[in-house]
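Novice: Read off the chains here:
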Amino acid sequence: MRYLPLSDADRSSMLAIIGAASIDDLFRDVPEEARLDGPVHGLPLHASELSVERQLGAMAMQNMVAGHVPFFLGCGAYRHHVPASVDHIIQRGEFLTAYTPYQPEIAQGTLQVLFEFQTQVARLLGCEVANASMYDGSTACWEAIGMARRITRRGKAILSDGLHPHYVSVAKTMARFTGDTLDTASPTLDAATDADRLIASIDQDTSCIVVQYPDILGRIDDLTPIADAAHAAGALLVAVVTEPVALGLIKAPGEMGADIVVGEGQSIGVGLQFGGPYVGLFATREKYVRQMPGRLAGETIDAEGKRGFVLTLSTREQHIRREKATSNICTNSGLCALAFSVHMTLLGEKGLRTLAQINHARAVEVANRLSAIPGVELVNDAFFNEFTLRLPVEARPAVHAMVEKNVLGGVSLGRLYPGDASLANGLVIAVTETVSDNDINVLEAVLREVAQ
Amino acid sequence: MRYLPLSDADRSSMLAIIGAASIDDLFRDVPEEARLDGPVHGLPLHASELSVERQLGAMAMQNMVAGHVPFFLGCGAYRHHVPASVDHIIQRGEFLTAYTPYQPEIAQGTLQVLFEFQTQVARLLGCEVANASMYDGSTACWEAIGMARRITRRGKAILSDGLHPHYVSVAKTMARFTGDTLDTASPTLDAATDADRLIASIDQDTSCIVVQYPDILGRIDDLTPIADAAHAAGALLVAVVTEPVALGLIKAPGEMGADIVVGEGQSIGVGLQFGGPYVGLFATREKYVRQMPGRLAGETIDAEGKRGFVLTLSTREQHIRREKATSNICTNSGLCALAFSVHMTLLGEKGLRTLAQINHARAVEVANRLSAIPGVELVNDAFFNEFTLRLPVEARPAVHAMVEKNVLGGVSLGRLYPGDASLANGLVIAVTETVSDNDINVLEAVLREVAQ
Amino acid sequence: MTDPNQSGWKPTAPNASAYDARTTTGNRALMLEEPLLFEIGSRDRTGVDFDDRATGPSRIGDLARITLDLPGLSEPETVRHYTRLSRQNYAIDLGLFPLGSCTMKHNPRLNEKMARLPGFADIHPLQPQETVQGAYQLIDTLAHWLIELTGMHSVAMSPKAGAHGELCGILSIRAALEARGDARSVVLVPESAHGTNPATAAFAGYQVENIPATNEGRVDLAALKARLGPDVAAVMITNPNTCGLFEPEMKAISDAVHAAGALVYCDGANFNAIVGRVRPGDLGIDAMHINLHKTFSTPHGGGGPGSGPVVLSEALSPYAPLPYVERNDGGYRLVEEETAHEQGSDSFGRMVAFHGQMGMFTRALSYILSHGADGLRQVAEDSVLNANYVLRSLEDVLDAPFAFSGPCMHEAI
Amino acid sequence: MTDPNQSGWKPTAPNASAYDARTTTGNRALMLEEPLLFEIGSRDRTGVDFDDRATGPSRIGDLARITLDLPGLSEPETVRHYTRLSRQNYAIDLGLFPLGSCTMKHNPRLNEKMARLPGFADIHPLQPQETVQGAYQLIDTLAHWLIELTGMHSVAMSPKAGAHGELCGILSIRAALEARGDARSVVLVPESAHGTNPATAAFAGYQVENIPATNEGRVDLAALKARLGPDVAAVMITNPNTCGLFEPEMKAISDAVHAAGALVYCDGANFNAIVGRVRPGDLGIDAMHINLHKTFSTPHGGGGPGSGPVVLSEALSPYAPLPYVERNDGGYRLVEEETAHEQGSDSFGRMVAFHGQMGMFTRALSYILSHGADGLRQVAEDSVLNANYVLRSLEDVLDAPFAFSGPCMHEAI
Ligand SMILES: Cc1ncc(COP(=O)(O)O)c(C=O)c1O
Ligand SMILES: Cc1ncc(COP(=O)(O)O)c(C=O)c1O
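Those protein sequence lines, which keep their order, are chains A, B, C and D.
Sequential numbering from 10 applies to the first sequence in this note's numbering.
Sequential numbering from 10 applies to the second sequence in this note's numbering.
Sequential numbering from 17 applies to the third sequence in this note's numbering.
Sequential numbering from 17 applies to the fourth sequence in this note's numbering.
Hints should not be assumed to be uniformly reliable.
Derived DEER-like restraints, expressed as beta-carbon distance ranges [stated by the list, open to error]:
1) 194/A to 447/B: 50 to 60 Å
2) 329/A to 360/C: 49 to 59 Å
3) 156/C to 447/B: 17 to 27 Å
4) 76/B to 427/A: 35 to 45 Å
5) 156/D to 76/B: 20 to 30 Å
6) 380/A to 346/C: 34 to 44 Å
Here are some, though not all, of the chain B residues that point toward chain D, as calculated from beta-carbon distances under 8 Å [stated by the list, open to error]:
7) 88
8) 91
9) 281
Hints in this document: simulated from the structure, not taken from any laboratory.
Here the structure is a predicted model, which means the values were calculated and not measured.
Cβ atoms here follow ideal geometry from the backbone N, Cα and C, with glycine treated the same way.
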């Protein structure tokens with residue numbers, strides 16, 4: 010039992026000092042019938058590292074590793090190359106094993122990191138202020154809708170049909186309990202976004218419009234008209250970014266008038282990890298900061314006049330305000346925020362722009378080559394590193410057929426919108442800097458086969 | 010050029026301050042004909058991490074990984090399981106990127122680690138004092154022979170035929186230049202060691218006897234008679250340990266009268282790494298400490314009366330004594346010594362004993378099973394985790410035949426002693442805690458086939 | 017507990033103390049202050065290289081970004097900036113955390129290594145199911161042990177942290193009540209509860225009322241019974257509680273709550289103190305979140321990421337969130353919106369994109385397998401032993417208000 | 017060089033300064049003292065678990081070990097002990113090392129990652145050659161670039177550090193001289209040379225004599241010429257030298273040494289300052305060690321492990337140590353004692369078990385490929401630029417004895 014410092018001798022002498030006859034004595038408040046008298050059913054005894062490695066290694070071996078095959082999946086999680094120094098830094102015990110920075114004297118490292126992270130996020134998203142992270146993009150999206158309700162005191166949110174269907178699901182779940190009304194729709198395989206529908210739907214009950222940018226089909230569109238229309242009606246624009254690398258090339262939602270910009274930060278520093286942990290980005294206008302959920306690190310001056318950092322505006326939070334808090338979130342995504350911040354520091358503006366350009370150029374190349382396959386059409390007009398194809402066959406079986414040839418060839422809309430026949434032939438393909446020339450050649454050849 | 014902090018603007022302004030017109034100006038001392046005016050021939054331009062990972066990853070893929078197949082190689086390098094926390098600790102920047110601890114004020118961490126390492130090594134080998142590490146076992150072995158010469162002022166070393174042939178080669182190389190005489194022999198496939206021959210060879214010119222324990226065939230024998238004989242003739246006993254895990258089960262050479270005990274520490278904390286970096290262990294009697302090569306950390310008291318650590322007895326070393334130093338060694342194996350020390354701390358006496366017992370029990374099991382194969386004989390009488398088989402066929406082709414079946418089935422004596430027909434059928438097999446039951450089954454089946 | 021080695025210890029450098037360079041070994045030079053990234057970085061510096069690649073025509077329309085203004089650093093500067101910052105933190109790896117309601121425990125590096133196996137770290141959440149069977153197996157295996165350890169009926173794996181788990185539990189409760197057409201409006205929460213409890217109940221649309229505590233720091237059963245009625249949806253209890261005490265009348269509380277038609281939510285943040293010794297399922301609990309970042313050794317990371325699976329009673333299981341993993345003959349499959357109904361789920365919906373904190377599941381399972389049945393039980397015992405030892409040791413020195421209430425479980429006030 | 021970001025920076029927490037809990041942010045609580053392992057560990061404590069396994073009959077005869085007395089710690093205690101100790105070190109990751117003759121440079125984590133690929137880290141040095149072709153390829157590829165970068169004829173890869181490389185070079189020289197029946201007894205070494213130079217020469221059986229230096233901190237060519245004669249086997253020169261100056265007359269020195277029948281050894285510890293700009297092979301050098309742990313970014317590790325490959329001129333190449341890797345049509349093979357002779361080698365023998373510091377080769381190649389031809393050249397330029405910049409900046413303040421001798425290369429006195 011390598012993790013336990015006490016020896017049996019230690020235990021006996023401690024019991025003696027406490028004055029207890031046995032360990033059982035200390036559990037005397039637990040009713041007899043709730044005490045387990047034997048080991049947990051079926052769980053083997055403690056195991057060596059080697060044995061644990063073998064058991065978990067055997068499971069890991071059952072999975073097809075993204076990095077081992079031509080890989081083109083996106084739809085809310087992107088495979089980017091993370092520099093080795095990022096992983097090194099987040100493994101430093103002082104970051105990895107630190108507690109929540111409630112005691113600023115012993116947490117200046119974490120606090121300064123969060124402070125820097127917030128500024129990076131705010132600048133990236135084009136906003137004035139950002140928080141210290143949320144769980145992920147989908148929960149941040151829902152929190153934004155709730156925040157818009159609190160700000161506007163209106164209960165109807167209009168969701169773009171380009172919003173990630175999982176994000177829509179999460180919002181629907183929450184709305185069911187909070188009583189918010191959600192106006193939702195499924196996308197169509199069309200180059201144009203549903204901006205017109207959104208604008209037309211705004212009414213006096215509308216708290217916010219929620220758009221994703223780039224959207225689930227990879228489409229990008231100027232958000233200014235929607236922002237203007239929303240603002241004219243006293244509503245807010247919430248923008249959702251699931252691929253923050255895009256903002257190294259295309260305008261930030263905040264620059265186009267979005268009032269709250271949330272995002273999934275996984276692309277930068279975090280990695281795929283089968284969906285989590287990820288890191289939710291949350292930014293808004295300074296005037297709304299008191300309605301913002303989550304933690305916020307701020308600068309202050311310590312007793313000696315030195316600059317220092319603290320968690321600030323805590324009166325928004327559950328540990329002070331309890332049932333009146335802006336959110337129940339407590340533990341957020343600290344370490345992923347650190348990873349994001351380190352990777353972003355390594356990139357800087359120069360690196361991020363180059364990274365975004367490479368992603369875009371690769372994606373354009375792949376889009377051109379795949380849409381030259383007979384029967385395959387490119388749906389998008391504009392896009393960043395992800396686009397949608399209309400195949401001449403159903404995309405879901407096509408994806409499985411590609412797996413047979415050791416290619417992870419995209420996300421089928423059939424997987425995301427099961428039962429929606431109008432989307433069944435849609436295949437969403439993401440192309441990042443990690444895609445090699447050979448990967449593209451293989452994808453093209455395999456898609457040509459399965460698209461027959 | 011991610012590793013270089015200067016921007017072009019920085020460079021220009023620095024040149025201006027220096028008063029140089031160009032960088033070339035600063036290289037003006039280099040004669041024209043020795044200045045490269047273009048990039049290094051054939052070397053590509055700087056590359057991304059991703060690209061480097063792909064290039065090196067492609068090479069790594071060409072190798073058969075020990076952990077992926079049944080693996081039974083030893084002969085001076087052993088595959089043990091290293092706890093994950095060891096690798097974590099040695100990657101901490103404060104250890105990994107620290108300089109040699111010449112300035113004790115900023116190197117107390119390294120110095121205390123070395124101090125603790127020395128005590129661990131001394132206790133493990135059964136000696137009074139140990140140094141802060143050598144390059145590896147083979148160079149430590151040669152240094153021990155040189156040290157015995159300095160102590161006894163005699164120039165003849167008698168090497169056991171059980172000493173690793175690479176260690177013998179290194180000693181021969183060095184002896185050629187130093188003028189030492191070496192008495193060497195090749196082993197025979199016999200259960201008995203050459204103790205009798207060694208004792209009989211001792212004469213008044215003998216500086217030392219060098220024995221390996223366990224030896225290259227895995228044999229173990231009481232060293233006391235050799236030590237007594239050597240001491241009676243005014244010579245020293247040098248013992249070489251290439252598998253320090255053995256000393257968790259069997260007596261330490263120092264306990265049996267060895268005067269200098271050197272070893273290869275790789276087994277503990279370091280890993281296989283295709284032969285290096287490893288860590289040489291070097292321990293001796295307190296009375297010989299001034300003849301010891303290499304660095305030594307010692308305890309002292311600082312200006313405030315607090316305990317501290319420094320490099321001590323530096324007058325033995327080249328940076329003080331130059332050509333009169335006990336050795337030319339400078340950089341040693343600091344980080345590997347740290348890995349050894351961390352792993353040894355995790356083990357402690359209790360863990361090391363258990364580890365050694367498991368190794369032994371597994372090896373006995375494998376020896377029994379393999380020697381039951383018709384025509385296969387176990388050479389050893391006593392052994393720890395490594396033993397020698399006499400096959401009915403030549404072992405070298407047998408090893409290659411096993412590779413064809415994805416088994417790394419031991420080291421053939423034909424590889425170590427090419428051209429020595431009497432050893433050609435010898436196969437040395439090491440069995441550690443990393444060998445699974447299935448590995449044993451596979452080895453037995455495969456050896457049965459190739460031994461026909 | 018950390019007696020010097022009795023066998024004595026002797027420096028190996030015999031003449032060490034004769035060394036006379038008497039410098040100060042204190043590490044004063046190692047106290048570093050660190051400027052802000054925005055003070056040292058610049059827009060044209062970067063720590064990432066790319067392989068040159070010609071860019072073709074753009075497909076971004078007129079959306080080109082003009083200002084961005086993100087400072088960059090070279091790689092050595094970046095490593096230094098963060099290494100120096102890290103040194104301004106205290107952390108478990110540096111010493112004990114004798115902290116409030118959070119169990120801060122050792123985070124084994126084996127867990128980190130396991131979570132980084134490419135087969136777990138480098139797989140996409142939307143990969144076709146046949147390509148991630150091992151990932152589903154991992155989730156299912158962890159779920160199995162969480163159920164066994166708690167004696168509950170099922171577990172919802174997707175919640176992202178403790179508070180998110182609370183939400184999952186309360187939403188399950190509300191969904192179950194709604195399913196039986198029973199609209200209730202109040203959730204009772206003890207005053208001493210963690211702030212997430214009332215915040216969660218309020219978020220789920222409930223009014224929050226206090227449960228009174230006795231002088232011994234426990235739930236006042238009589239007062240609770242008096243308050244229960246047809247308007248009470250649930251009672252949220254922290255057990256072992258925030259004062260470090262086990263609620264001895266937990267079963268009676270549960271029975272009273274159930275008798276009144278309400279459900280019992282247990283805040284399991286302190287589960288560490290009873291894991292392997294007590295099964296919450298035997299205490300009549302309907303839902304409890306487990307902080308993997310507290311009880312199962314996944315790192316706290318300076319405030320996350322966490323992971324908050326919620327174990328559920330049979331009554332609540334049909335309402336568990338989507339998606340979840342199900343084992344069938346051929347392997348594992350993910351139950352999502354598409355097939356939930358066929359599977360007999362009345363799920364209240366999805367709480368999060370994808371499957372929850374996979375990276376934390378790997379670590380938690382690595383920890384559970386490492387400790388095994390004997391080790392986990394020992395964890396609870398040692399944690400209770402340590403807490404009582406500290407309590408008794410401090411009694412003479414400090415005022416320990418609940419010292420005579422009974423043994424404390426994992427922490428002491 | 018680290019101007020604040022000109023575009024201005026603004027805290028994102030607008031009211032932060034209104035926060036009024038004025039605690040001290042200094043990290044005084046983070047200064048840790050750490051007892052010795054032998055004071056906190058004990059023989060019966062361990063941080064490693066094993067799976068139970070019945071032990072059978074023993075085959076160790078009567079050699080059972082009785083006393084051992086090694087203190088152990090549990091895993092959390094171990095991690096803490098070493099983490100706390102580490103914080104008493106200064107290191108490159110914490111700040112600059114404006115140090116003496118050692119180039120201390122950034123150690124990229126990519127290198128660490130590459131060295132840990134199982135295909136490099138988990139292979140045995142005696143594996144059959146067909147199973148380690150990639151390892152040989154790596155060694156051969158690094159060797160190729162070291163030869164290209166130095167303009168020499170071959171490289172011996174096995175030396176374990178700089179001093180070991182010196183020994184390799186001097187032994188090659190002695191073997192070459194012996195091969196032509198030329199017994200010489202003296203090696204000339206400048207007074208300013210690193211201690212390893214004279215120690216090495218003495219070890220190889222040579223008498224060591226000083227080479228006089230000029231007032232400018234350079235080799236005194238005239239005095240050297242006067243000393244050369246039939247007893248001088250070799251001259252060891254450090255270039256760029258220990259005073260940070262390039263020997264402008266290096267070629268003339270080499271010519272003079274060769275004319276006297278001796279050979280030139282160059283201490284290449286400072287190669288970083290000229291890599292990619294100057295090729296030692298063009299300066300008439302016969303042997304030079306390269307500290308991969310200085311010039312090619314493998315970590316210094318608080319004093320090792322290093323790696324000291326030695327580049328050799330055509331004259332010395334036949335005497336290079338065994339084993340070495342050779343490329344042939346079918347792949348790579350290792351030349352050892354067995355086949356050395358067929359390969360035309362007159363090797364002076366083996367310097368070390370196995371193949372040298374594979375783990376360092378991986379890191380060094382990772383670094384070379386990362387920098388590429390343009391990057392390596394820039395490294396030399398920036399290092400010389402930095403050194404001269406520091407020299408000029410300090411000139412007014414300090415006494416820089418060699419400031420007017422010429423540009424310094426990588427360090428300044
Ligand atoms: C008692 C208690 N309940 C709930 C929580 C909330 O858990 P989390 O921070 O993971 O959301 C915590 C931890 O902060 C806690 O200590
Ligand atoms: C100039 C010089 N030569 C030789 C050496 C010896 O190298 P190593 O320490 O790797 O043996 C060093 C480094 O210490 C050095 O600086």
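Novice: All the hints need checking, so say for each whether the structure fits it.
Specialist: To see whether the hints hold, each was checked on the structure:
1. 194/A to 447/B: 50 to 60 Å: For residue 194/A and residue 447/B the Cβ distance comes to about 56 Å; the hint holds.
2. 329/A to 360/C: 49 to 59 Å: violated (42 Å)
3. 156/C to 447/B: 17 to 27 Å: holds (25 Å)
4. 76/B to 427/A: 35 to 45 Å: Since the Cβ atoms of residue 76/B and residue 427/A sit about 41 Å apart, the hinted range of 35 to 45 Å holds.
5. 156/D to 76/B: 20 to 30 Å: holds (25 Å)
6. 380/A to 346/C: 34 to 44 Å: holds (36 Å)
7. 88: Holds, about 7 Å.
8. 91: violated (10 Å)
9. 281: holds (5 Å)
The structure shown violates the earlier hints numbered 2, 8.
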